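Full structure from sequences and hints, please.
Line by line, the protein sequences are chains V and Z.
Residue numbering for the first sequence follows the numbering used here, beginning at 1 and increasing consecutively.
Residue numbering for the second sequence follows the numbering used here, beginning at 1001 and increasing consecutively.
Keep in mind the hints are simulated off the structure, nothing from the lab.
If you're wondering where the values come from, they're calculated on a predicted model, not measured in any experiment.
A couple of the hints might just be wrong.
As the list claims (entries may be wrong) - 25 angstroms max Cα-Cα, derived SDA-like pairs, lysine to any residue: (1) Z/K1022 to V/P56; (2) V/K40 to Z/T1078; (3) V/K78 to Z/S1263; (4) V/K195 to Z/S1263; (5) V/K40 to Z/Y1211; (6) V/K40 to Z/T1127; (7) V/K25 to Z/G1262; (8) V/K40 to Z/T1074; (9) V/K25 to Z/T1074; (10) Z/K1022 to V/R42; (11) V/K387 to V/D426; (12) Z/K1126 to V/P88; (13) Z/K1126 to V/F83; (14) Z/K1126 to V/E75; (15) Z/K1342 to V/P88; (16) Z/K1126 to V/R49; (17) V/K78 to Z/D1285; (18) V/K40 to Z/K1342; (19) Z/K1126 to V/K145; (20) V/K145 to V/D426; (21) Z/K1126 to V/D426; (22) V/K25 to Z/T1127.
Stated by the list, open to error - Each pair of labels, with its calculated beta carbon distance range: (23) Z/D1042 to V/T127: 51 to 57 angstroms; (24) Z/W1340 to V/G103: 41 to 47 angstroms; (25) Z/D1042 to V/T129: 55 to 61 angstroms; (26) Z/D1042 to V/P34: 47 to 53 angstroms; (27) V/P228 to Z/A1039: 53 to 59 angstroms; (28) Z/S1066 to V/P228: 47 to 53 angstroms; (29) Z/N1090 to V/V92: 38 to 44 angstroms; (30) V/N21 to Z/W1340: 22 to 28 angstroms; (31) Z/P1312 to V/N280: 52 to 58 angstroms; (32) V/R120 to Z/C1037: 49 to 55 angstroms; (33) V/K50 to Z/A1155: 38 to 44 angstroms; (34) V/P56 to Z/S1156: 39 to 45 angstroms.
No residue lacks a Cβ here, since even glycine has one placed at the ideal position from N, Cα and C.
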Amino acid sequence: MIETKDARRSLLVPKWPSIWNIGDKENSTPRSQPFEIDDKVRRGIASDRKDFREDPTLTRACELLHSGIIANEPEVSKEAAIFIIEQPNVSVTTLKLAHMVLGNSGEKAETLLPEDSIARTRRTLRTQTHNSLLWTELARLYTIKGRPDKAQRCILTAIDLAPLSRFVIRAGARFFIHVDQPDRANALVNKALEKSDDPWLLSTQINTAILADKKPPRFPQFEPSHIPPDRLFNFSELIASLGVAELHFGNDRKAKRLFRRAWTDPSESVVAHAEWVIRNRFPHFVDEMEIDFARSAEASSWHSYFQLDLAGAIDFATEWGLEEPYSTHPFSCGSSIACSAKNYDLGVHFAKEGLMANPDDLLLLNNLAYSLLKRGNIREAEVALKKFPKAIEGIEQVYSVATTGLYFFRTSNPLLGRQYYLRAHDIGVAKGDHRLAAKALLCLAEAELEINSDNFANDITLALRESENINEPSIVLLRESLLKKEQVP
Amino acid sequence: MESPLASRLEGKKVGKWTVVSKRKKDESDSSGFYSTCYAVQDDQGTKAFLKAYNYQYAFGPIAASSADVLKFMTENFTYERDLLAFCNENRMRRVVSAIDSGEYREPSEILPVPYLVFEIAEGSLKTINFVANPDLAWKLIAFHGALVGLSELHASHIAHQDIKPSNILVFGRNYAKISDLGTATRLENASNWCKESHVGDLRYAPIELLYGYCSPDWNTRRYGADLFMMGGLLSYMITGSNFLSLMICQLPEPMKPATFGGSFAEVAPFLMNAYYQSLESVSNDVPKIIRSELMQILAELSHPVPDERGNPPQLKGSVQRYSLSRYVSKIDRLAKTLMWSKK
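Below, the structure is given as structure tokens:
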């Protein structure tokens, strides 16, 4: 039985982008006053430009190129750069600078495989020992490779070098959340906030506190309605996180008010979270709020999945996986969607990709085993099933027991398989998760159908009845498929 | 409207000097800007350079009150004049000194024109093409001269604050001196420029100032700024590009000074990354024989964090953080190494 981690998306966890892709507004603090150069500089540039036009030499072009860059006058620097790239005997550095100004350069480390990137980053760090961003990048690469021990050493070095950097601290918090140490993530953010009042860090503080089972901080002095519209983006994650905290305290009315404000000019992470809030908590917001889910691959993936646009959802999940290769979420979501689309090869691919960074993740192992069993790779599926922990607690039991049931069906032991499926159903009921319990029954009916068992008629009636009002794509699609089969004599 | 007297001195006799020509004619002269420069000559045929201060600027269309601007201008003139006299008295060989000063008056004009006269140079590092194909050895010798000039100033607790190619003048073939103390300031006797986070030309300013950060410590703020500007000059000498523009181009768009409004501590990691990338880029233009040492100097001078700039902390005790003596001797040696390697 496949499953996703949709239920765990109730918090706003920061993304951890590669340092080669930091171009978004989420890592910036906009100026409150526009950048202005003084009269003297303006006159100097005008004079240099006049000199250059009258007698264009390389020295004058270099001077003008420099002035245009500092004064943020692209047309000035471009004029000089066009001249420079045509000249002989230009230094490598100046030529490269001129090409950058003209937008002709674009080397990105992300095009390399993680192994190559790790080797290259380590090599660079030998001379750039104080480059906290590069240490953060190395930590990210090690996390993607499934080496949290090495990643931790790197991220701690980065934090030591830049204890007040939003980017580094949020990356650090994301790492500790990833390795299931939310206490440490929370402590890290708290420490940075002793000397900072950055809204993005405050947002992370709230979410890590909830994750660590601590009381999230409240800011009674902070009034979101007083934030001017042009600063709202910068505060959107904090406002949405305050909404999360209110939901946590059970104050839905206040939460709704905060979400409304946050969604006026939301950051990408707020868009992704909004998709979850609207679908799971406040469906009436669909008509009330206009949120462009296309701004977030995560939101688009879930949105398309629930619209049953499986091809679109797979594309967005692929994009999401590229953005957050260290996370389990895009891969558990991707493998589930692929299996719902009966593309089990892709299901295997998604699960394997996710397991690279998270080799022990039970849900990904489960989805891998399920996809492999559906594809007929019993031996490989056995390897995945053997990696399941001995003692599984919580709702994880439901899908892991159900998938074991499928294994017995596929290895010609339908009786035992049936017992496992029914046990999965009972665990779901006992845990109060009727969605998972119903899904276990649907999967049992599907398995019985595949072997033309006599039990199919009874099972399908029960499964359809239990899953009647559940609006979850994998259940809806399973029901549709079984209903079609039921009608065939 | 008639242009101010300071802009109309061509052909006149100012003290013992005959004004030959205006050094640079641009729109700022006719609009009555702060000062105007002239080529002058005395009766013995000695050529010099005259800087005439335009007090009329204080009465032009400017935002501040005329009295305040006039006070500011007179203070600056006397400060620069006295500073130059101090440099002369202390025999600072590598600082362009004033050879004359005074006030020019005309009966029809209410305001006098104070002036300073300087020795005339072959050119500045901005117009480096006056030397045929300057090689790196020549450039390092010129840079060495500027370093010596700055260390002479620092030794007397004077921070220059406006180091840029046009302020490094070359006399004879390669004798470089540092010039223009118009925005300089002394530790004991602070100028108007010391009251705020100011440097002469924002285009060559230390990067922290572009982010509005200014260290509370005078040494870090002033000497640190001079060191950064020297680093910018060194990178300009090696590659033709100032280190400041190299760094800014390596920054992601939201982190550039024109867009970023957060704290310096927040942007510092991005500056460090840009700094390392810029160093890597510049190193491609340095001959292997001196690469490691020259890049080390550039790295120390151009460090984006002012507290980390200058001599490495492990040398503390024997060498002061912002002392230039180590760089002076190293650059001298590297220039000679390059020359010998060519021979």
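Original post:
What are the numbers of the hints the structure violates, in ascending order?
Top reply: 3, 9, 18, 19, 20, 21, 22, 28, 30
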